[in-house]
Amino acid sequence: MTTAVTTAMTTVIRVDRITKSFGGAAALTDVSVDFFPGEVHALMGMNGAGKSTLVQILSGALNPDSGTLEVGGLVQNQLNPRQARKVGISTVPQRRELVMSLTVAENIMLGQLPTSGAMVRWHSVRETAQEALRALGITIDADAIAGDLTVAEQTMVEVAREVRRGGKVLILDEPTACLGPEAAQQIRDLVLRLRDSGVAILFISHHISEVLHLADRITVLRDGRVTWAGLATETDEKGLVRDMVGRDVVSRRPVRPARSNEVGLSVRGLCDGRFLDCFDIDVRRGEIVAVLGPAGDAQSRLFDLLSGRRRFDGGQVSVAGKKLKNGKITDSLASGLRCVTGDRRRLGLIPGLTIDENVMLAQDRLDKRRIHRWSLLTRRAKPLRERYRVVSLAENPPVEQLSGGNQQKVLLAKWLGTAPSAVLLEDPTNGVDVSAMAEIHSLVDRLAGEGVAVLLASSSAEEVMRLADRVVVVRDGRRIAEYQVDRITRDELIATTLGGAL
Amino acid sequence: GEEASGSDSVTLGFVNGANTEFHTCLQRAVEAEAKTEGAELITANSKQDPGTELNNIEDMISRNVDALIVQTVNVDALKNDITKAKSAGIPIFLTSVITSDTSDILGAVVVDLKQVGALDAGYVAKDAGDAQVEAGIIAGAPGAASDLLVGGFSDALPPNVSVVANQPGMFNRAKAQDVAENMIQAHPSLQYAFVANEEMAFGALQAFQAAGKNVKIVTTNGTDEGLAAVKDGRFAATVANSATVTGQLAVKNAITLLNKGTAERIANTPIKLITKDNLADAPQYCLEG
Amino acid sequence: MSAVATLTRPVRVGKIPHAGLLLVLVGIIVFASVRTDSFLNTNNLLNVARQVSVVAVIAAGLTLLMVAGGMDFSMGGNVAVTTAVAAQMLSHGYATWLTLVTAIGLSIAVGLVNGAVVTFTNVAPFVATLATATLLDGVALLVINGMSISIDEHLSGLGSGTTFGLPNLVFVAAAVLAVVAFVMRYTSFGRDAFAIGGNEDVARLSGITVSRDKLVLYGLAGALSGLAGIMLLSRLAASSPGTGGLQLQLTAVAAVVIGGTSLAGGKGTIGGTILGVLLLGVVANVLNLLQISSYYQQISVGAVLLIAAIANLLQSSRKR
Amino acid sequence: MSAVATLTRPVRVGKIPHAGLLLVLVGIIVFASVRTDSFLNTNNLLNVARQVSVVAVIAAGLTLLMVAGGMDFSMGGNVAVTTAVAAQMLSHGYATWLTLVTAIGLSIAVGLVNGAVVTFTNVAPFVATLATATLLDGVALLVINGMSISIDEHLSGLGSGTTFGLPNLVFVAAAVLAVVAFVMRYTSFGRDAFAIGGNEDVARLSGITVSRDKLVLYGLAGALSGLAGIMLLSRLAASSPGTGGLQLQLTAVAAVVIGGTSLAGGKGTIGGTILGVLLLGVVANVLNLLQISSYYQQISVGAVLLIAAIANLLQSSRKR
Ligand SMILES: Nc1ncnc2c1ncn2[C@@H]1O[C@H](COP(=O)(O)OP(=O)(O)OP(=O)(O)O)[C@@H](O)[C@H]1O
Ligand SMILES: Nc1ncnc2c1ncn2[C@@H]1O[C@H](COP(=O)(O)OP(=O)(O)OP(=O)(O)O)[C@@H](O)[C@H]1O
Ligand SMILES: [Mg+2]
Ligand SMILES: [Mg+2]
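So the sequences go chain by chain: H, E, V and Y. The first sequence: position 246 = 246 (my numbering), numbered continuously. Each position in the second sequence, counted from 1, maps to that position plus 502 in my numbering. Each position in the third sequence, counted from 1, maps to that position plus 791 in my numbering. Each position in the fourth sequence, counted from 1, maps to that position plus 1111 in my numbering.
Since the hints were made in silico from the structure, they are not lab data. Honestly, I wouldn't trust all of these hints.
[Unchecked claim] Computed Cβ-Cβ distance ranges for the label pairs, DEER-style:
1. V:L1081 with Y:G1268: 42 to 50 Å
2. V:S824 with E:S511: 20 to 28 Å
3. E:I768 with V:L957: 35 to 43 Å
4. V:L1081 with Y:I1127: 43 to 51 Å
[Claimed, not checked] In silico SDA-like pairs for lysine to any residue, Cα to Cα no more than 20 Å straight-line:
5. E:K715 with Y:N1152
6. H:K86 with Y:N1152
7. E:K549 with V:A1094
8. H:K325 with V:T1000
9. E:K762 with E:V512
10. E:K586 with V:L836
11. E:K586 with V:A1094
[As the list claims (entries may be wrong)] Covered stretches of chain E, as calculated for chain Y (at least 3 residues, CB under 8 Å):
12. 558-566
13. 620-634
14. 673-679
15. 698-705
Cβ coordinates follow ideal geometry from the N, Cα and C atoms, glycine included.
Bound-form chain H, shown alone (with noise of 0.2 Å):
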């Protein structure tokens, strides 16, 4: 590992004593933090721990309650996102923010286009955006629909928007979250690159690994005060679990009991356009089986389909031997499928309503309960709440209000907590923290132990590798290769995502 770090380098961004709170209570406390140029600073923490808060105070977001921010020596009073800019500091923030009905290279250049006189030169903006995703090592066509995209092509777009527009910062809040391995080193190849040309460089994930293999300098925040700081090298992982979550954290794949013979999940011949060409799979109950291919977005449609949200062209979905309806989501939930979506934003949670109203919104309506009882609900929710360790400022705030993690923690509670017969995973662990991770990864074990058929798509390897029975490797729509787990490593696990067979 290379490291930049001298000590008489002088900071590009100094955070003195910051404490923020949301409704009188605290998302940080006295958080102080020296970022360097040519350093990658790498801040880490439980879900809700203040991180992206940090980083929304410093790009100009939200304004601190107390305490200095200084940006190359000068004092920042009430920064705002457009000050944030011009002193050099570009943000990709944990939610994927574009607009989603422009093209990708629109939003490239979003707020500089390129224009000669009042008018834009759109040659000029397809190219430099194109050279921007090219720089990246990215193929994702300039011209498409941003709303259009995947979240993890969205991720890319992003980032490639804010390593053109330069500056002395770059702040990457859980970029790599839902990223295949491949597109995530891209992410790590690129920041190494903006490190090395001098670039200081604020990096969050949860992935442990990553960071320790990326970072020089590391701060850790536990409920928003800083419980450790230093170098990258003066830390392991088990030192870096405990200062996050306070006790060490195993994740071990369990001994399950042996799978039934009887088939929970059944697709046959399924047809939808160019993504899937009668694809087949069966799940067996009690079994977790990871649908793996290049693409990424197969799978997406695969759940679509599944969970009825989109009618396939052709062949057949069965539940426990139950034939479901094409594009009939009622029948797709009585039959006991649950469909954790990969897109919490646009297919998980509902805005507005509270924790509690989103934790139990499938249940009740499960149950067709007529009347809504709201002490009622707040029990019900509570040992759901509890379970997937939901933390919240507030009693039972609207769930845009939680961290990203937490709100991963919402919808799987939602969903998970609905005795499930089959359940499609679609990233559960996105933007979850180690201790929730492993937590959730016992949580899907126990379901398979209990008879439930799992099928899992997950960007991370070690997910795959620590969930999965079986992977199933999807190319061009149709099922191309199959292994046990236990047959093979995660090296190549990662060759077989990436391109053809073993």
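For chain H, the structure is supplied; the task is to place chains E, V and Y with the ligands on it using the hints.
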């Protein structure tokens, strides 16, 4: 003039129906006459909405006016209002139109709209002589007033005048202009147009002139501008039906009837066909604002 | 396993909902009471209550619909058609019960047509219902043939009658508001509406029968328009051109949005809507009482609306 | 290093934009041509063009504003005030240039007030401008004192004049549409409007001067209302109660939304708006030519609007 008309100064409520020129002039007349008579006046406007009219009347009742003068949005919708006012002991005096049963009202000043239409038709009949001619109608907004005018006009036409077009101008000058433009297009040989008020007639005139057609316009009101148009031949004729006379008469009669004096209970606003020849006969339409 | 710290927030400060709007309303009431004796007069207050009751019923339906991300711009038109049909039937001697059933049935049908168009063709609700609004205004004129149709004493019990000294219309409106408020807060159907307005895709995936719910919501908006139409007819004792229609619609929309219901869906309360309806009713009444001339009345209503909208927002925009 | 999969979208089929709307329009034109000779008459077509030009100018401004997520419901009111003020000035003998400058200046000021309220207080644009619309309608009546104010021949060159056989008004409208279309497609200001409408936060974070842009957009909507007011005045040669106002506003809004511009912002084209404006203009004309009675006219307009909205959508709902 602060001439004290006794110690018992009356308070009148005036509920106007809309904000067209006619209504503006009516209100001016009512206000001026009330001042002359030393009566206190409270006004409200229903903006062509029967619901608002009822609200206004209710508000007036709760303010305990001595009598209500109502230029109604719609005469049949008024029955309830009259009952209401009556049970509160407040008599209602109507302008322009009356209910079929007049026993419950204090009095009225009415305009015989059917006759207005008929007067215009009479002009067309005389002017056309025996020739076969085409006439078009630009009506007002759907409702009794417009229907009476149009009905009076069509019914009184002789057989040699055929009505080839009848479209609503909604008592709106811009709309009437559009309609006239389209009408002259569909019926290039149009010779006469009956337009339900002068405001619309000016719009129609604009359209006919732009199309280069000489259509003789007959209309009603008798505003200064309308009379000027009759004078220089832009309009062929108009039926004077003075808002000022109606307003003044309404206040005067209402107060008289209220004080048990003698006045014509159902008075008629005099109407008169005005052409180039008898411009001087036209009463004043509007007072200065 | 150590517990993840749940930070408990200090007890919520007893924030009054819609404080800004309330303030404007109280301000106007105080101003009016000082300036004219007639305002606080019982009779006048009853008048105001009766006058706003029709708008309140429409606004209640609209609130629920808008919370679910819908919009019905044709409720005024629906009112016009309902009053027209009911007036014709009553004046032709049909029984009152038959008239009511037919009129309300018709208004529900209109609502369902709106709902079907919005649900199954994806036309934006505003666009679809603006079209039906135009259409319905024409239908209403056609039904009454552009004339006034009087119904004499037929519905006077509803329109002019009182119970315990309060107008019957006010009871009807209050009942509707209470039921809608209850539905919105305590029934799954109501909560589903919030979910649909918040994120329709998620609602559908969570097992909410979105299409059916939307149809029902539009049907309900139609039904309440019908009820409002009957109430209006009973008050006016006649249906004539200009009854109901766009003006009524805009008043109802203004009341609802001033009350804080979001045009984008997912947010709204009956409490806010009541305040909005009252504000508009009180302002119209006060302007009449204060003898503000017609032109200035419109100007004042516009200004008050603007001030109320701003006041309602300033209070709710939490400081970050 | 292998590439992240590129989603290659199938080559876009040479889709005609707004095919559905176009179809409805062509259908009506064919129907009209068959049923009446007068329709395809040059003079009649010029009439239609002249009649729609005022609405077109308002709709152009509204399209740009709505694309940026804004809404101005007060443009009709602004037109009313502009015509009123200009008519008063001209009839009182002020110079034409001074009148035009004052009127347009005033309309820009009104637009900027709307913009300021929307931008700095976060009141929903619909609510704020509905309030100003009410206010402005009152102001217009006040200015003309409820009477008709004639301007004689003052603006007849604009209102009735022609150039190369085409009405001058049509040239003005065409120029406005062309400029707005150009701005939307080829200037960064126009593209920024799309970004603001698509996601205001992102636009702001990207360094787009959202507040300033919005102010300018509302100012522009005001300016175009002013221009439309002058055009209307020149055509009518007088300002009277009911000129402009809500009816004009609703026509413009209907034209824009029928043309496919989203009420939520981020999407819209001048092409669609032109089709929407033409559709409404042609329908009104055809209904007049065909001697359809007043009630059926409204019904027909509503029905055509509904059909057009559905047709426009069925075609554009691509299966992904
Ligand atoms: N706008 C807000 N209103 C109220 N509370 C908020 C708001 N934004 C964040 N919070 C709270 O502040 C705390 C810190 O949130 P933050 O997003 O900084 O966490 P995080 O460290 O980024 O977590 P994650 O890893 O899950 O993204 C959380 O408890 C969250 O609920
Ligand atoms: N919104 C957009 N996003 C991305 N690409 C676009 C967009 N609009 C147009 N383009 C593409 O940009 C290219 C050039 O477009 P256009 O011909 O309009 O620009 P131009 O005026 O020729 O540019 P220049 O002035 O640089 O020559 C075309 O391939 C067009 O499809
Ligand atoms: Mg975060
Ligand atoms: Mg070019």
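Out of the numbered hints, which ones does the structure contradict?
4, 6, 11, 12, 13
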